[in-house]
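Protein chains in written order, with the working numbering: chain A, 1 to 294; chain B, 1 to 240.
Quick caveat, the hints were computed from the structure, so don't treat them as lab data.
Over 12 Å on every C-beta distance to chain B, these chain A residues come out as not near it, computed from the model: (1) G97; (2) A103; (3) T145; (4) G148; (5) Q200; (6) Y236; (7) N272.
In silico negatives: residues of chain A with every beta carbon more than 12 Å from chain B: (8) S42; (9) A235; (10) R276.
Straight-line alpha carbon distances no greater than 16 Å define the calculated EDC-like cross-link-like pairs of lysine to aspartate or glutamate that follow: (11) A/K137 - B/D90; (12) A/K137 - B/D82; (13) A/K74 - B/D77; (14) B/K66 - A/D126; (15) A/K51 - A/D218; (16) A/K137 - B/D79; (17) A/K74 - B/D90; (18) A/K63 - B/D90; (19) B/K66 - A/D125; (20) A/K137 - B/D77; (21) A/K102 - A/D165.
All figures in this text were calculated on a predicted structure; none of them were measured in a lab. Note that the Cβ used here is the ideal one computed from N, Cα and C, for glycine as well.
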Amino acid sequence: MCAEQLRRPIWCRLLGAILTYSAEISRDHPTCILFVVDQSGSMADAMATGKSKADFVADVMNKTIYTLVTNCTKSDGVRNYFDVGIVTYGGGGTRAGLSGGKAISSIVDLANNPTRVEDRTRHEDDGAGGVFERRVKFPVWFDPTASGGTPMCAGLTTAAEAIGDWCDAHPNSYPPTIIHVTDGESTDGDASNVGDILRQLSTSDGECLLFNIHVSGDNSEPTTFPSSEAGLPNAYARTLYRMSSPMPDHIRRLAGEKGYTVGDGSRGFMFNADPRHIADFFDIGTRPRLTADR
Amino acid sequence: MISLVRAFTAPKRDDAPNEDRHAVSLDGRACAISDGASVSFDSGPWAELLAQGFVNGAPFTAAWIKSAAITYQAAYDRDALDWMQQGALDRGSFASLLGVRPAQIPGSIEVVLVGDSVLAIIDAGELQHTMPYSRPEQFDASPQLISTSAAENEPIFREVEGIQAQVIDLTPYACPCLLLVTDALGHWLVSYPDRAHELTTKLSDHEFEEFVVSERQAGRLRRDDTTLLIMDCDVSPISH
Numbered sequence: 001m002c003a004e005q006l007r008r009p010i011w012c013r014l015l016g017a018i019l020t021y022s023a024e025i026s027r028d029h030p031t032c033i034l035f036v037v038d039q040s041g042s043m044a045d046a047m048a049t050g051k052s053k054a055d056f057v058a059d060v061m062n063k064t065i066y067t068l069v070t071n072c073t074k075s076d077g078v079r080n081y082f083d084v085g086i087v088t089y090g091g092g093g094t095r096a097g098l099s100g101g102k103a104i105s106s107i108v109d110l111a112n113n114p115t116r117v118e119d120r121t122r123h124e125d126d127g128a129g130g131v132f133e134r135r136v137k138f139p140v141w142f143d144p145t146a147s148g149g150t151p152m153c154a155g156l157t158t159a160a161e162a163i164g165d166w167c168d169a170h171p172n173s174y175p176p177t178i179i180h181v182t183d184g185e186s187t188d189g190d191a192s193n194v195g196d197i198l199r200q201l202s203t204s205d206g207e208c209l210l211f212n213i214h215v216s217g218d219n220s221e222p223t224t225f226p227s228s229e230a231g232l233p234n235a236y237a238r239t240l241y242r243m244s245s246p247m248p249d250h251i252r253r254l255a256g257e258k259g260y261t262v263g264d265g266s267r268g269f270m271f272n273a274d275p276r277h278i279a280d281f282f283d284i285g286t287r288p289r290l291t292a293d294r
Numbered sequence: 001m002i003s004l005v006r007a008f009t010a011p012k013r014d015d016a017p018n019e020d021r022h023a024v025s026l027d028g029r030a031c032a033i034s035d036g037a038s039v040s041f042d043s044g045p046w047a048e049l050l051a052q053g054f055v056n057g058a059p060f061t062a063a064w065i066k067s068a069a070i071t072y073q074a075a076y077d078r079d080a081l082d083w084m085q086q087g088a089l090d091r092g093s094f095a096s097l098l099g100v101r102p103a104q105i106p107g108s109i110e111v112v113l114v115g116d117s118v119l120a121i122i123d124a125g126e127l128q129h130t131m132p133y134s135r136p137e138q139f140d141a142s143p144q145l146i147s148t149s150a151a152e153n154e155p156i157f158r159e160v161e162g163i164q165a166q167v168i169d170l171t172p173y174a175c176p177c178l179l180l181v182t183d184a185l186g187h188w189l190v191s192y193p194d195r196a197h198e199l200t201t202k203l204s205d206h207e208f209e210e211f212v213v214s215e216r217q218a219g220r221l222r223r224d225d226t227t228l229l230i231m232d233c234d235v236s237p238i239s240h
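So that you can see chain A by itself, here it is in the shape it has in the complex (with noise of 0.2 Å):
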């Protein structure tokens, strides 16, 4: 899969210190984005909502996929500026894609494709003080499973075979995004030597963004965007630091704007975030300069 994005970080690394990136995001030239979803048995306990960890992740990848179809829907259809993945682990062993598809899809498939639409009612905020229902269509395409152990090597290594031949076919597109969603530590051995791969797999603008969120069902205070390993309470938290790709400047923007404190040399990690910042980590996470496509 990989033998020659594994030699392409060489060069890449050297004119990624001047251009990384900033590559447009558009029909031609789309970004991927692949969700690791940790499904071990773990993922059912409850959190301080009283929610399921499964459940409460399963509600905001829905969210999220909403989020990124809606943003690139306009009156005249769906334009395929993101490629879709997921990839899940856990007691069922590694499944790839959503009912039973590729590990990627176009956010075209996607959108086309949900299990189900739901009706729901939301509360919208009407900008002058109030708030008004609205009745919406909620399409569901992921739902909450959790059973067995953690196979994390397995899981992200089925990531990397999908995204190296990803990057294979988009040589110059804004790199992938991997968002990778865990409660617990890896059965099936130390995932950091598959976290190196995934993080060296690249297109020209840059390496793939590996980030990673360690979800807890306790109180806990939860660390965000550290910089880094010093006061990470243990080393599976460290393990997932390292793994974790630094954030690039706009990501790092997008972050602070949202009230988060990060510096130079934050990466895209959180360990015990509770479910403000599960929402938020998706949200900075997903959102990969579309606006240079206005």
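Here the structure of chain A is known, so what remains is to put chain B in place on it, guided by the hints.
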């Protein structure tokens, strides 16, 4: 006295509609450009409403924008749209606004500006001043735009009832000329200020198209809808 001399616009690609709009008052003394954002349901008609609103003297209060948004939304049957279009319509359409008209003070102009469209003052062929941005990296931030969704406009009206016009005194300049440009060309102007005179010579439509194509190919001009309005200025006192 200011008046429109020329207007040029080029789409970002041949197979997509140009979502920039511009408008000129009947007397040619008030001009506006509005850059409809791509991440919008249908930003061209929204940009049209904003640009026309400016040259027709709309007050640009929260209430006026809300009524313009109602006009905009009336063109679509929300219930008949599929979920993705409904979601995109609900999220809103977004556009910048840059409007220029004579001020009451002789030799001055009033400028209404929201977003990343750029007003440039050229004097004797040299770039003298740009607003709101003067450095290329400022274009990387997400600008506040005017939206069809009232909630998205909240930051604009947090402290003021209406969008405030700024008064700019042009009398320090000998023979000023104004450029109203959308963000791609604004970014180009502040990146290559020594070349500003290329936009004030007697450009033909064909020459403008060639300029856009060659600068895009050279990687100097971002691929985006690109609009340029050139206004001449006579800084002697105006009569009302």
